[in-house]
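**Student:** As you go down the protein sequences, you meet chains A and B in turn. So in full-length UniProt numbering the end of the first sequence lands on 430, straight run, no missing numbers. So in full-length UniProt numbering the end of the second sequence lands on 430, straight run, no missing numbers.
A hint or two may mislead.
Which copy is meant is left open, so a pair is good if it fits within one copy or across any two.
Mimicking DSBU-like on lysine-lysine, the simulated pairs with C-alpha atoms at most 35 Å apart in a straight line are [as the list claims (entries may be wrong)]: (1) K87 - K128; (2) K139 - K217; (3) K201 - K391; (4) K234 - K75; (5) K128 - K310; (6) K35 - K87; (7) K139 - K391; (8) K310 - K234; (9) K168 - K391; (10) K139 - K35; (11) K270 - K75.
The set of hints was computed from the structure by calculation and includes no laboratory data. Only a predicted model underlies this, so the values are computations on that prediction, with no experimental measurement involved.
There are 2 protein chains.
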Amino acid sequence: MNDTNYQDTYQHPVIDPLHKGLGAYQAPLAASEVKSLQWNLLREEVSLPTAVLYEERIQHNLEWMQQFVTEYGVKLAPHGKTTMAPKLFARQLAGGAWGITLATAHQTRVAYQHGVRRIIMANQLVGKQNMTVIADLLKDPSFAFYCLVDSVEGVDLLGAFFKAHQQKISVLLELGPVGGRTGVRTAEQQSAVLEAIARWKDHVVLAGIEIYEGVLKEEAEIRQFLQRAVNCAKELAQAGKFAEHAAQLPVILTGAGTAWYDVVADEFSKADIGLPLDVVLRPGCYLTHDVGVYRASQEQIQTRNPIARKMRSTLQPALQLWAYVQSIPESGKAIIALGKRDAAFDAGLPLPALHYRPGNSAPSATPSHWAVTGMMDQHAYMTVADGDDIKVGDMIAFDISHPCLTFDKWRQISVINPQYDVIDVVQTFF
Amino acid sequence: MNDTNYQDTYQHPVIDPLHKGLGAYQAPLAASEVKSLQWNLLREEVSLPTAVLYEERIQHNLEWMQQFVTEYGVKLAPHGKTTMAPKLFARQLAGGAWGITLATAHQTRVAYQHGVRRIIMANQLVGKQNMTVIADLLKDPSFAFYCLVDSVEGVDLLGAFFKAHQQKISVLLELGPVGGRTGVRTAEQQSAVLEAIARWKDHVVLAGIEIYEGVLKEEAEIRQFLQRAVNCAKELAQAGKFAEHAAQLPVILTGAGTAWYDVVADEFSKADIGLPLDVVLRPGCYLTHDVGVYRASQEQIQTRNPIARKMRSTLQPALQLWAYVQSIPESGKAIIALGKRDAAFDAGLPLPALHYRPGNSAPSATPSHWAVTGMMDQHAYMTVADGDDIKVGDMIAFDISHPCLTFDKWRQISVINPQYDVIDVVQTFF
Chain A
1 MNDTNYQDTY QHPVIDPLHK GLGAYQAPLA ASEVKSLQWN LLREEVSLPT AVLYEERIQH
61 NLEWMQQFVT EYGVKLAPHG KTTMAPKLFA RQLAGGAWGI TLATAHQTRV AYQHGVRRII
121 MANQLVGKQN MTVIADLLKD PSFAFYCLVD SVEGVDLLGA FFKAHQQKIS VLLELGPVGG
181 RTGVRTAEQQ SAVLEAIARW KDHVVLAGIE IYEGVLKEEA EIRQFLQRAV NCAKELAQAG
241 KFAEHAAQLP VILTGAGTAW YDVVADEFSK ADIGLPLDVV LRPGCYLTHD VGVYRASQEQ
301 IQTRNPIARK MRSTLQPALQ LWAYVQSIPE SGKAIIALGK RDAAFDAGLP LPALHYRPGN
361 SAPSATPSHW AVTGMMDQHA YMTVADGDDI KVGDMIAFDI SHPCLTFDKW RQISVINPQY
421 DVIDVVQTFF
Chain B
1 MNDTNYQDTY QHPVIDPLHK GLGAYQAPLA ASEVKSLQWN LLREEVSLPT AVLYEERIQH
61 NLEWMQQFVT EYGVKLAPHG KTTMAPKLFA RQLAGGAWGI TLATAHQTRV AYQHGVRRII
121 MANQLVGKQN MTVIADLLKD PSFAFYCLVD SVEGVDLLGA FFKAHQQKIS VLLELGPVGG
181 RTGVRTAEQQ SAVLEAIARW KDHVVLAGIE IYEGVLKEEA EIRQFLQRAV NCAKELAQAG
241 KFAEHAAQLP VILTGAGTAW YDVVADEFSK ADIGLPLDVV LRPGCYLTHD VGVYRASQEQ
301 IQTRNPIARK MRSTLQPALQ LWAYVQSIPE SGKAIIALGK RDAAFDAGLP LPALHYRPGN
361 SAPSATPSHW AVTGMMDQHA YMTVADGDDI KVGDMIAFDI SHPCLTFDKW RQISVINPQY
421 DVIDVVQTFF
């Protein structure tokens, strides 16, 4: 298969009947043909368990976040590691996103291959083969790529590699709080990294400052950390450290996982470093939202942030898992054909949301006392009460907590309309 | 694409450069061509993080378990849900396995499509589309398939479906302990299920008894539960409940996840039900083993089981994850580019095993005080000590606990020889 065909394959993606959670078809098929097959979830035309995205809610969330960043005059580079679904990246970009954030060289290649041309890899780029992946992509002059640096060793490895390849790589200095994850802690570390960048000046270009505030827990310490980043950007701008990058493009100042994006927008949007500046937020989970950790953090945002309040709506959970009741072997216990292979379980177990008996007209809300109490690889234990109207063969829809670790359980995810028709299929590339 | 091409695709599987953890290649490629690319892990020719299978240890484990069941005169249907790697299923069958166990209709289709023709689906088969998948496969008269039943509702749904399709489905009665997972608890439930099977006698055929003892914790209660299954099989044999199946094939008596397979072999191999009997064990994790939950349970087996002792060897951990040190931002803390996207974390975190600095001659064992203390989606926190010889760009190999939830993070897994050459690639179908 030559390069042209290869490109073609990814631009007209084929879905595979050997992957779980779809309807009946006998041979690989273009995702665009799925709608014509007219699968309906309630007519049991999809193999459960299945993961579904609710089209209207995805679109709502996409527009909500874009409006939020626009109100602040900042830019959006959604973290693509959450979904690893290029079809969703394309919608995020079409909706106004500045670029896509990713976590690894592999993820960067997936996004590039599907047309993304501005990427922040919010991690250090380490390893010969990973650098080779990026070096190959950087042969395309239209590709803008930024990765992080936080150590002399890391800068030296990058410098030596890209010098040998006669290429340049753009980097963001990562700042980190003591006790946190990656990122320079001290002024001494920072100076040493900047000196290393200067030593490789024809091959490593400093383009901005990056932080991940999600390792901190309190608003006050987060605002303090954000101020440190702003002050650092200002200091480095004054010292001419961004000169090469700033001659052509705005300096980048970027932060924000999904829980504190409003505080990051508030602090960073006020930054004045004396140079053109792109403030870039990197939330990942907003697109599907959830009913667990991210609902909790979004409720905080709706309370504390004036722009979110002004918007008079909030993010909506847009990803559910549907599964069958497989056994009700003893009083009070239903066993569901849904397991750790299908759903995140690290930040709360799936929550029963809808109950549907095939043949009925519509799903109904599940009683509030139904709860998942444990999961195995392929099973969930759900507590019910004696006398509840539930039987083997019933369908249950579950809301989830932690979209990232749910997406990576599925290679193909149905997109459905309010009538539960499958109108599209989204592929993931983990 | 017609059916012939489709079959062809799966018989000559193509690996995809958009999936993580492999070396450099520009276009999809037959897995059989990978060896000729001569990627070597230590020469950094593979993108990390990566998952690798050690060929010699896989082969050792495969032969070890086959010898164990042969000594007991019982049969092996390895649980394929662990790896979902048809190439490994084929090796297990070639090595002497009686069949493959799977957990869902989707998994059954994957195995069938790759040539497996005897499958126990160790679950209830629920849902119209899932039944359709199985009904399609059963059009092949060479395909032997068994699923579980534990409720009247379940039998009635199966009976109505397979009657409408003018087909027969073979089922195993599942017994379960009170407080356990699926399976009938009481004599009344058992009778009701048997009566339901009798009502659908031209479409639902009782072929044997199934249990999953892994929900129990103590050897004594497990032996008691196994005796219940033997007694049930005997009682049903005497009552003629297996008559249709037994006219052509041995009755099936099956149990055993990975932790108690020796006790199941011991109890079930002594069973005499007055009819030809296939005792089938269904361990899944033995092929790769681990250094966590399964090492602990195997140590128990080596202690208590005379045949395992006689074999004078044990299972070997055969699956490792390799990743880079990405940052050492503060004293005592290394951040590894390996996360919940790459490794199981539900039964113990990955354990550092080997340390390799690119350019050195060989990896060395990691100091015993290096330990993973936490993981995020794409990062692991590893504790080290001041003064340890570790730096950014070093490679660390991690042993894992819980193979199942590690396999499902990888679509393509390298198989390596003792020189760390990639000699094959195994694809997974989750």
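**Student:** State whether the alpha carbon distance between K87 and K128 is at most 35 Å within one copy, between copies, both, or neither.
**Tutor:** both (29 Å within a copy, 30 Å between copies)
**Student:** What label fits K139 with K35 when the C-alpha limit is 35 Å: within, between, both, or neither?
**Tutor:** This pair counts as between: shortest inter-copy Cα distance 28 Å, intra-copy 38 Å.
**Student:** Should K128 paired with K310 be assigned to within, between, both, or neither, using CA atoms and 35 Å as the limit?
**Tutor:** neither (49 Å within a copy, 47 Å between copies)
**Student:** At most 35 Å between CA atoms: does that hold for K139 and K391 within a copy, between copies, both, or neither?
**Tutor:** between (59 Å within a copy, 30 Å between copies)
**Student:** With identical chains, the pair K139 and K217 could be close in the same copy or across copies; at 35 Å between alpha carbons, which is it: within, between, both, or neither?
**Tutor:** Result: close neither inside a copy nor across copies, 41 Å intra and 58 Å inter.
**Student:** At most 35 Å between CA atoms: does that hold for K201 and K391 within a copy, between copies, both, or neither?
**Tutor:** Cα proximity of K201 and K391: across copies only (23 Å, versus 68 Å in one copy).
**Student:** Within a copy, between copies, both or neither: which one fits K168 and K391 at a CA-CA cutoff of 35 Å?
**Tutor:** between (62 Å within a copy, 24 Å between copies)
**Student:** As a check of your reading, is K270 near K75 (CA-CA no more than 35 Å) within one copy, between copies, both or neither?
**Tutor:** within (14 Å within a copy, 70 Å between copies)
**Student:** Should K234 paired with K75 be assigned to within, between, both, or neither, using CA atoms and 35 Å as the limit?
**Tutor:** Within one copy only: 19 Å inside, 71 Å across.
**Student:** How would you classify K310 and K234 at a CA-CA limit of 35 Å: within, between, both, or neither?
**Tutor:** Classified as within; 31 Å inside a copy, 72 Å across copies.
**Student:** Under a CA distance limit of 35 Å, which applies to K35 and K87: within one copy, between copies, both, or neither?
**Tutor:** both (15 Å within a copy, 33 Å between copies)
Checked against the numbered hints given earlier, the structure breaks hints 2 and 5 and satisfies all the rest.
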